[in-house]
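If you read the sequences in order, they're chains A and B. If you use our numbering, the first sequence corresponds to residues 18 to 213, in order. If you use our numbering, the second sequence corresponds to residues 53 to 402, in order.
Just so you know, these hints were derived from the structure itself, not from any lab. Model, not experiment: these values are computed from the prediction. By construction, the Cβ of each residue, glycine as well, lies at the ideal position given by its N, Cα and C atoms. Each hint should be verified, as a subset may be incorrect.
Taking beta-carbon pairs under 8 Å as the criterion, some of the chain B residues facing chain A (in silico) [as the list claims (entries may be wrong)]:
1) THR65
2) GLU68
3) LEU71
4) ASP75
5) PRO212
6) GLY216
7) GLY358
8) ILE361
9) THR362
10) ALA372
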Amino acid sequence: MNTTVSSAITGLCDPVDISGHRNNTAISSATETKAGAFNVWGNSFAAEYLPDGESLVDVAGVPFRFPPVCDGPDNIRCAGQFLTMPEGRFDWVHVLAAAERRCEDTVELTFADGSVDAEPLRVSDFWAAPAWFGEIKAFESPVMHYPHHVQRGVSAVMWAQRVPVTRRADLVGIRLPRNVAIHFFAVTLQRTEAGA
Amino acid sequence: MTSDVTTRTYMITGPEPELWYRDLISCLQATFASLLAREGADALAVLGAGWRFLHLPGDVRSEEFYYPCPDDESGGADLGAALAPHHELHSRWWQPADEDDLWQEVRATLADDRLVIAAVDNFHLPFRPAYGDVHAAHLVVVYGLDEARGLVYVSDAMPPEFRGAVPIEAFLRSWGSANPTDVQDAFFSDSRIGRRCLDVRLDAPAPPLTPELLGGFLRTDVHDFTTTTPARTGLAGFDEFAGELVDQCRAGDATALRELYPFGWGMQAQASLHGELLRRCGREWGDPALAGAGRAVEAVAHAWTGLRITGAHGHGDPRAVSADIAHHATVLRGKYASAVDAVSAAAARM
């Protein structure tokens, strides 16, 4: 993506506050690897390779508010939660996400006029995997944290994925998939350009 | 033909085994693919040619490499035939016949310039993440043995990939491990390794894949999916499996949930390889319907994630996750139905 297009997107994007929904800790420090448990085996991302907690990060022009790091829950493990959105017209819902194995599901977009659209959400595996669904690799720790050690040679990947908002109506909320394999770290809305 | 460098040193000729990997497969498909690649076969075309559903009640073992495989006429399990039902791929399990000479069969196989697939316990292998920590049953490829220097040459495509020498004593501990119950891995521990090995043979070269040949495979598989049999096969077999899974969860019985992860891995891996192959062929042959059918089969693989991971997180409290298990089973059933329909339509034109 060239700089002009990238900055144009940046100006249309608003990070969403999802702090009230975080229910899982996926990032840990090398000195306390047991503090994170992204998956059932207690693996976690290595904090030293990720952005600072609460910092504003840029992934291909899309700004995300990075979650807290080593300071409590840092992601939403999806279980059908409803996230209230600031009402408005949007083209894309951008997410920082990762999955416990390659995963497809749906999110439900709820609009002010009462309509609800299910849209596909596709997230690749966090475990040393390729971007099977064409996501952007947003962040990667080249080591994997295990409860009792730091494992070299196995990376943990966080993906930048997007969900289209096809309906020309005011979005008011998003219902996450009922799927504990999918984790959201951050959400950003991209507004519809004027006249679109 | 081997290079017998010193007494009791055996190494396959040619390049080291290929590290063949996809993120949804297990060590089972990865090791078989390494052997197929060495035979000059297109591993995806062989391992991805077939797509079936089979659940064998009471058969699921807590091993990463579990795959449903009915006993053949001789009473043995032919995993090769189960993985590649449209090819002449065959395998048989064996264990050392002589407790005083454990390497006899490995030497003979390597001397024949063939690879060995060995079952191991990750706890004892220095290159596995679980080393010294977690017991878990796994498969690796053995491609060399140097008894003079005390080394076994091992290839493992599963992350973190490894190809190299392992001290013979460590390998023996891993190969002969009791793989005791480990609370850190409820799905792949508690399964005695017993120095098991797989002898794998591709008895006939895989023929070039053509639309006519693949179309025949697909029509056979669609028939199997849509035909009710006494065994739990096809869509009816899935319904039986899913119904029992949900019933057991509602009754608070964790047995089916513990089995779901290893059993589902085989079904998920098979669907992912089959879908990838169909997409590849669809692109190469200019057949968008075939490519779309492949994508529909991949959606089956992806829907297995929701079911398996929900079960993995919930096996401690089956009742609490019974509604979510039922939800994911319903979603998966729908993906199976859509994919069978798409494959059937694509196959009818081939």
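Results for each hint:
With a cut of 8 Å, the hint placing B/THR65 at the interface with chain A is violated, because the nearest CB-to-CB distance is about 28 Å. Interface hint status for B/GLU68: violated, as the beta-carbon distance to the closest one in chain A is roughly 17 Å, over 8 Å. Using the Cβ-Cβ criterion of 8 Å, the hint placing B/LEU71 at the interface with chain A is not satisfied: the shortest such distance is roughly 12 Å. Interface restraint check for B/ASP75: the shortest CB-CB distance to chain A comes to about 4 Å, inside 8 Å, so the restraint holds.
Against a cut-off of 8 Å between C-beta atoms, the interface hint on B/PRO212 holds, since the closest Cβ of chain A lies about 3 Å away. Using the Cβ-Cβ criterion of 8 Å, the hint placing B/GLY216 at the interface with chain A is not satisfied: the shortest such distance is roughly 13 Å. For the restraint placing B/GLY358 at the interface with chain A, the shortest Cβ-Cβ distance is roughly 5 Å, inside the 8 Å limit, so the hint holds. Interface restraint check: B/ILE361 against chain A, minimum CB-CB distance 4 Å, threshold 8 Å, status holds.
Nearest Cβ of chain A to the Cβ of B/THR362: about 6 Å, under the 8 Å cut. The hint holds. Annotation: B/ALA372 was flagged as interfacial toward chain A, and the flag is violated, the nearest CB pair being 12 Å apart, outside 8 Å.
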